[in-house]
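Using the hints, build the complex out of the two chains.
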Amino acid sequence: MERVVFQNVSKRFFLNSGRKLISGHLDDLLHGSHKHSFYALRDISFVVSEGQSLAIVGANGAGKSTLLNVATRLCPPDEGEVAVNGRLSAVLELGAGFHHDLTGAENLRLNASLFGLTRRGTADLFDRIVDFSGVGEFIEQPLRTYSAGMVMRLAFSVAINIDPDILVVDEALAVGDQAFHAKCFDRMLDFRKAGKTMLVVSHSPATLRHMCDRAIWLDHGRIVEHGALDEVLEAYESRSANPA
Amino acid sequence: MWSGDYLFVLQNLVLKDFKVRYRNMSLGVFWSVLNPLIMMLIMTFVFTKIFKNNIPKFPVFLLCGLIPFNFFAQAWSAGTNSLIESAGLVKRVPIPREVVPISSVLSTCLHLLIQIGILLTFTLAYGYGVNRNWLWLPLVWIFEVVFVLGLVLACSAIDVYLRDMRYVVESSTLVLFYLVPIFYSSDQVPKEYIDLYLWNPVTALVVALRRILIEGVPPGGSLMRNLSVVSICALAAGWLIFRALHRRFYDHL
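Chains A and B supply the protein sequences, listed in that same order.
Under our numbering, the first residue of the first sequence carries the number 1, and numbering increases by one thereafter.
Under our numbering, the first residue of the second sequence carries the number 1001, and numbering increases by one thereafter.
Chain B extracted, bound-state conformation (with noise of 0.2 Å):
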């Protein structure tokens, strides 16, 4: 069978997807900065002018919601699609197919990266110092990319017997945009919600970016509890969904 380099493989996909997006343009990664940074100019604009609320330092708070769901809603969609963008890559040459959606999550976490710094940069500016519990960053957002890669490995494989799979993503995103707290504070959800709230990860990560970067106090356990589980029992169901349906890629591709 197939005896590489994995790692060397998923640096070069890696690397093709960041400057295959990137090389036509004339702002280049600079994209990856003045697209959130707009986002928050607006939603700032909007829910501290028109709809108004007492949330102290508000652009702050919300790129706290905002920057993980953007990384979670594009990478969910570039990985969905990815098997099939990649179909010449998948038919034609002989490697283990999970390198293409694992390399297209990994390059949106490159994204990431420059985002996380626009929002540590944030954080500083609006006078909230480092604290001790930052060390619990990597962390989280290790269990955020560990959800998505168990999500977006199911996705990829279904999408190429299912084209619907696409819209169901692009669907879902818009939904999750409201059912997340990105705009409001999961204080104000209602008691009798809550629990259900916090059983998804991505509100989980915005919960607890929330409690260590602005209130400066740990995620708490039972927050962790539900990220590490659905995070973990994601990328054990997504795998096992891809191993069953990736024989007959080819047939579908």
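If we strip away everything but chain A, and leave its shape as in the complex, we get (with noise of 0.2 Å):
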């Protein structure tokens, strides 16, 4: 089953689009918008079958968080298709949708009822999160008294812990220590061993071979080089080693 496809998608963003006062707008009306815009993302085609679990890599502004936007329907690509096919659960920011003020179990209940998860669910997969997080007790206190890592364990327990069809990642773990990396890695083992897929964007080598089989290389919105992961991997390591 073919998971995420991408058919010649394109994202284009407009800089300073819209904030303007009343006489750049007419400005605009009078002698005709020639609005700045670039390309995030141009001509992007893949698929990622079941099974299967697909790395991003590039520089930075390479357009590799905008690519995991368009899959997770956050933003319309404005050329091209996406079809996602199954649940899917992300974790594109530390803490998004977080607010420091509740308490670690409100977050989590907030966050499952994002993720899509029933009343039911969250209350089945509660303690489950919770231990996976490790955050113990600290679970009845307010946000703002964890550490960046603790509310990163928070945030990705819910996110894996849902049972998602496909999982998108980006560069969140890196704030997690040694231990929970190892935690998260045998989980997504698992993860991809039950047929589920994973999006991840990262730029530690050592995660991404860990998590995926396959990469992209993206560079100013366009696909460098897409293939098994070793390759691309070394291939993207010895350009960045010596830039042309």
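Since the hints were made in silico from the structure, they are not lab data.
Quick caveat, the model's predicted, so the values are computed rather than measured.
You can take every hint at face value.
So, partial list: chain B residues that the calculated Cβ filter (under 8 Å) puts toward chain A:
(1) Gly1004
(2) Asp1005
(3) Phe1008
(4) Lys1016
(5) Val1020
(6) Ile1095
Backbone N, C-alpha and C define an ideal beta-carbon position, used for all residues, glycine too.
In structure tokens:
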């Protein structure tokens, strides 16, 4: 089954779009609008099937996060088609959707509901998520008392324990400690064995080697190379070491 | 697409709003009670001691205007800012976006319940009894909530593109304070303006409340017609505007 399909997807951003004084809008009307835009993604096509796991690498600003945002349907592509089959869960930013004045437990329920879990499902999974996160009795404390690592562990525990078909991770793992990484890698291995799919952005080749089997190398919104993880990583690393 | 538990999300977001607003205040939810009472005291002083009027039991009369107006103003302004304030949520978590303004309005409704409690307490305390026309109360309030929902859906979506929206809302609220018969009676409005006046759903609600609670009569057909037509049209228009604009939220937040 094809979990994520991108077909000639392009995404453009306008610089300064909308934020103008009336005089600016009038100017556009009178002299024709000449908006400055750039392509964050250009003509991207790929397919991720069941059980596959895709790494996305590239320099800052290459379009990696935009690609994940398009895949999660947070922003619609300007051109091309995106198809996503199955329940998707995403950790795009550390503690997105969390509020620092709510307790860990309250944030957990809120986050689970945002990911599409029912009241029943949340109650059933509650203990498992808390246990996996390892935040212990801090779960009843406000989130502002948490360290960055604890916030990430909680967010990640929710995302992975709601049993998604597709897991999207953007760099979020970077703040976890070794022990939690090991736990996550284990879980992700099970996850892939169960035929689930992952899309991962990371700057750490070691992390990617644990998690993914295929990779896309993005540069200025275009695919430079797409193939087996090791080959793509090798090409990317040699280019990064000796920029042309 | 997103296939979650709509009600569960709304409940969680409403609770979040409510808790976040009060958790760090020592008086907590008591502010919800204190605020209209202080307004009532001051305005009663001004409009019975300085600008004298002959409206009997003025505090109840005033609350019938203040409470709907406060609810309207709060829900409108909080709702309009809701998408921008939850930009982190809208940009980073794939959810149906309309839950953000809707939950904002619903959380203001929680305060409204407390305030309606105050209104009814004062009504009874001043010797107006319960009458069977009280059965109209849920209906007129629901229309008001429907109206605010429509307005908030439209304004919050527009606010993403034109941040001026919040100032439009602030100024309009100030204007409305005088155009809604809060501290005066709709009977004092000149004949040629009254029809126009009653097309404003906030005014219609204020008038309906006074008829029900003070005069003990039903709100009346033409008033209910105005209220229902404007509310339902506002909701439909707000929904359409929101649907038309929500695809580009990501680019503008």
